[in-house]
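Visitor: Single-letter residue listing:
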Amino acid sequence: MVADRPPFEDLYRDFMRRIYAYVRAQVSTSADAEDITAQVFMNAYQAYGRFEARNTTPAAWLFRIARNATLDHFRAHGRRERLRRTIEHQPAAEVDPAGMAEERIQYRALLAYVAKLPERQRDAISLRHSGLSFEEVGGLMSCSEDAAKMLYHRALKALRDSVQEGMA
Amino acid sequence: MSDNEDRELQALQRQLDDAFETTRPRAGFEDDLWSRMQARRPAWARVRDFVAGLFAVVRRVPAAPAATVAVVLVLAIGIGVLSLKGPGRGGGGSAGMSATSRDSGSAPLAGTASGAFGRLPAPALQPVSGAYTAPTAAGPDGTRAGQPVVGLYFGPAKLAWAGQFTIRLTSAPVYRYAEPTSADADKFATSLRASRQPVPAGAAGLGSYSGTDFVLGVVGTTPSPLREPSFFLTPDRSSLPAPWPTAMDTANAFLAAHNVMPAWPYVIAVMESADVERVLYLREFVVEGVGSQVYMVDGVGERHGLEVDLRGGQPLQAAGPLPVALDTAKYPIISAAQAVKSALASSPAGPASIEPIPTVRLTTVELVYALAIAGDHSFYEPAFLFSGSFTYNGVTYLKRVLVPAVGA
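As you go down the protein sequences, you meet chains A and B in turn. For my numbering, count along the first sequence from 1 and bump the result up by 223. For my numbering, count along the second sequence from 1 and bump the result up by 7.
Next comes chain B alone, as it looks inside the complex (with noise of 0.2 angstroms):
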C-alpha cells in the first residue's frame, strides 16, 4: 500500500468516525424511546415511578430504630384522578376480544357446576420492595386530586380488625384459563392485522409482530410480577391521528383503531405525571348479590386492566390483557367471620422492613379478583382485600391482606 493511499484510507477512517459519532436519531427520541419501554414494565414498578416524579423532596428515615428501612419518600403530593366514568360494558367489543368464549363478568354463570376445577390454587399478595399505592378510582362523585400516596406494606404487623364487614356472599364465580400458546399469539396478531417478526434467541414472550403503524409484544402468564397474559402495543408515534379533546377519547379512539378495545365491565380513571397520562381501564369481574363494583387487582393489591399513556396527548403505548378463552364453575365463599380470621391469622407477604412490628388497625375490605397460577392453567379467583393504614417515622403506609374467598 503507498503512502498516499494509506493516508486516503486515513482520512476516510477519521471522516467515518465522525459521521457514525455525529449521527444522532431526531430531538426527543431517546426520551420517547424510553418512555415506551417503561411503559412496558410491571404496573407496581409505573406506579412508583409515577409517584416519585410527582415528589420534589426526596428524605431519608432516621437510621435508627430500624436499619432495614433505608429510603422513604415524603408523601406530600397526590395523584390526581382526572376523570372517571361509569363501568363500561363491553361495548365496542372487538373481533380480537369477543374470541374470547365467555368473558369474565359479563355473563350471569348459570349452568356451572359448583366447585368444578377442584381444588384451587391460593392467591397471594407478592412483596415488591419500593411499591406505592395511588388512587386511580375514584367514588361516585369523579375526580379526588390530591389524594395522598402511600408506601405499600407487606412485612409483618400486630393486626387487628375495626372495619364493618358488610359484604353478604355464598358463592362466586372463579374462572379459569388454559396458558396462551404461540399460536394464540399469533391468532391475536392476526386479528390487529400484524404479522410476526423475529426475537432474538431465548427472547421471553409469545411473538412479537408488527403492523402497518405499530409494533406488538405479547407474553403469557407472568408470576413475578404477578400478571395475566398481555400484549403491548406500541404505535409508530409519526403516523398518529390528531388527538381528541381529553386523554380518554384519545385512549379510546386509539383501542377502537387497533380493534383492542377491552370486552369485558371496565372503569376509566385517568392518571397524570410529568407529561404523561395514564388512562386506565379498570377490571371488574359481576359477581350476582354484590352491588358494588368488584375490581380485578395485581400482586400488590392495585386496581388492575387494561392501560394507555399519553404523552403530549398521542398514545405512547397500550397494555392490556390478553383475550383468552375462560371456563367459569361456582364456588362456596368463606362467610365474614372466617374471612376475619383468617385475615388477623395471615403470614406476612413479605420480610419485616420496619422495627418495631406496628400495630394495624384494618378499617376496610373489599371483594376483588386476583390472579393465581397453577402450572398451565390459571385463575381469576375472588378473595377479600383488607386494608388499613399506620404512620411510621411520619410517613403513612398501607398495609394490605389478602384472603382467600374460596372456601378450603
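Looking at chain A on its own, in the form it has when it is part of the complex (with noise of 0.2 angstroms):
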C-alpha cells in the first residue's frame, strides 16, 4: 500500500549520508563515492514506486542498492586499483581536495583499512556501522543472522590487526 511508504524526501535526508558513508568507506576517493551515492539514490528514486514496504524495510532496500551499485563500481573501474593498492599495502589515496576537507581527517585513515578488507567483511562492517541490524546485514550478504555476526566479529578483528600492523 502507498500509506505504508514514506514520502521518498524522507528517505533521502534520513539516508543519504548513510548511505554515502557506506559507500565512502569502501571507495578510494570521496568523488567515487559522490558518484555512487548519485547512482543510488537516482535509481531509488526512479524504482520507488515499486517498493514495497511489507517486504522489506527502507534501509534494507536502499543499502541493497548501494551494494549492488558499489560492487558494480568495482567491476567496471576499481579491480586493478584494488588490486595495486593491495599489493602496496598502504591506504588509499585521496586525490580530492576538496573531499579531505569535508572529512575528518582522524577517521579517514581507519575508513581507508576497513576499504582494504576482503570484500565480504568489508561489506559486513560497513553495513553494520551504517546503522543496520545483523539481520538486515544478513538478509543483503544473504546469509542467516548468527552468520552476519560471525562474519561481522571476524571482520573486526581483521581489521584491528590491519590497523596495527600499520602502526608498528
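Read the hints as simulated data drawn from the structure, not as lab findings. Hints should not be assumed to be uniformly reliable.
[To be verified] Label pairs and their calculated CB-CB ranges:
hint, chain 1, residue 1, chain 2, residue 2, range
1, B, G320, A, R236, 21 to 29 angstroms
2, A, E358, B, G320, 41 to 49 angstroms
3, A, P229, B, A129, 31 to 39 angstroms
4, A, R298, B, A123, 44 to 52 angstroms
5, A, N278, B, Q345, 50 to 58 angstroms
6, B, Q20, A, P229, 27 to 35 angstroms
[To be verified] Only pairs whose alpha carbons sit at most 20 angstroms apart, straight line, appear in this in silico EDC-like list of lysine to aspartate or glutamate:
hint, chain 1, residue 1, chain 2, residue 2
7, A, K372, B, E15
8, A, K372, A, D384
9, B, K165, B, E362
10, A, K380, B, E362
11, A, K339, A, D295
12, B, K194, B, D220
13, A, K380, A, D369
14, A, K380, B, D25
15, A, K380, B, D13
16, A, K372, B, E12
17, A, K339, A, E388
18, A, K372, A, E388
19, A, K380, A, E342
20, A, K380, B, E12
21, A, K339, A, D384
22, A, K380, B, D10
23, A, K339, B, D25
24, B, K348, B, E373
25, A, K339, B, D24
26, A, K339, A, E358
27, B, K337, B, E279
28, A, K380, B, E373
29, A, K372, B, D24
30, A, K380, A, E368
31, A, K372, B, D13
These numbers were taken from a predicted model, which means no experiment stands behind them. Beta carbons: idealized from backbone N, C-alpha and C, even for Gly.
The two chains are supplied separately, each in an independent frame; assemble them into the complex guided by the hints.
Guide: Printed below as a string of C-alpha cells:
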C-alpha cells in the first residue's frame, strides 16, 4: 500500500549521509563515493514506486541498491586499482582536496583500512556501522543473522590486526 | 577472548561508529543531488515546485463552500521569461538525433497516405492535482516578466465559447512511433559514447548508462505522467567547462557537447526560480497552411520539449524526448464549428474540486500536438487546445479543453 511508504524525500534526508558513508568506506575517493551515491538515489527514486514496505525495510532496500552499485563500480573501474593498493599495502590515495577538507581527517585512515578488507568483511563492517541490524546485514549478504554476526566479528578482528600492523 | 582484546575491539567499534557517523559528502552535495533528482520529475510537478518556490505567502482557502478545495497558493508573483529566440530549424542536429527517419515537423509530407494509420486514439488532458502553468513562451517581443502564474482546473465547468476561431485547416499530419526497446536505448547511448550500467532488478526504464563525465537514463513512453520516450542526462558537475555568458548559451553548448541538440524545430524560453534556471526547447510541429507556431503540449496542456536545468550557471540535468523514427500520415481535420461544439460538450478531465461549478468563457484556441498512446505504438496528433480563465475566491484558474482535431 502506498500508505506504508514514506515520502521519498524523507528517505533521502534520513539515509543520504548513511549511504554516502557506507560507499565512502569502500571506495578510494570522495568523488567516486559521490558518483555512486548519486547513482544509488537516482535508481532508488526511479524504482520507489514499486518499493513494498511490507517486504523489506527502507534501510535494507536502499542499502541493497547501494551495495549493488558499489560492487558494479568495482567491477567496472576498480578491480585493478584495488589490487595495486593491496600489493603496495598502503592506504588508499585521496585525490580530492575538497573531499579531504570535508571529512574528518582522523577517521579517514580508519576507513581506508576498512576499504582494504576482503569484500565480505568490508561489507559486513560497513553495513553494520551504517546502522543496519545483523538481521538486515544477513539479508543483504545472503546469510543468516548469526552468520552475519560471526562474519562481522571476524572482520572486526581482521581490521584491528590490519590497523596494528599499519601502526607498527 | 581476553578482557584486553575485548576492550580493544569495543574501542575499535566506537571509532568505527564515529567514523561512519562523521563521514559526510562535500558541502552542498546533498542539495545538489536532490535538485538533480527533482529535475527528473514530471514537467507539471516541476512547474508546480518552481511556482511554489516563488511564493512568499501561502494561504488556505476558506472552507466554505467547497470542502474539496484544500489549499491554493496566492498567485502573486510570476515567472519571468528571460529570453526568447526565434525557432531553431534543426541546426546542430546530432548523430543521435538524425537517426530518426523523419523528424516531426521538419519536412513536407508529400506522398503520405491519408488516414494510413487507421482509427487513432484520442489525445486527452490528464488531470493532475495542484498543477500550475506559467508563461514559458512569450510573444515576438521576447520577455514577459511578471506574468501571473495560475492554477489549472480540470473539473467540470459550464463552458461558453467567446473567442475567434481563426485556424483554417483541412488536413494535418499525424506522426506515429513504435515503442523503443532496450536495444534502441543502447543505440542512442552509444551515439553519446555512454555504456550500459546495471540497474536494480525491477527498475523502470529502458536503460541506465554512464559516459566519461555524465550518467544517462532512458525511459519509454509513460502514460502517467503522459510523456514520450525520454532521456535524462546528468553531468558530473566537477568536470564541466566554464559557463557561457547566458543560460541559453550554456545550455546550447552542453547539448551540443553531448550530441543531444534537438533535431526538431523549437523555440527557446528561459525560466528562473530561486537559484535554478531552466532553458526550455519547446517543440514545434510544422503544419502547412498554419502561419503560427504549433507547439507540442504535455498532459496538462503545457508547452513541452527538451529542458536543461542550470544552477550557478552550470548544467544540472538535461531531459528530453528520445529520438525515435516517425512515420507520418495526413488526416482530415474537423471544422471550426465541430471543434467548438466538441469543446463545449466535452467531459471534464478531472473531478470537481470547486463548487458551485464555475462558468468559464473559453476565449482562445490554439492548434497543438499532443501525445496519444496505443499499446506498442504512440502518436503525435493535432488537437485544438481551448483555454479560458476564471476567478474563484480571489484566485485565478485556467480551464483548458483539448479537442482531437482529427475527424472520427
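Visitor: Which constraints among the numbered hints does this structure fail? Numbers only, ascending.
Guide: Hints 10, 18, 26, 27, 28 not satisfied by this model.
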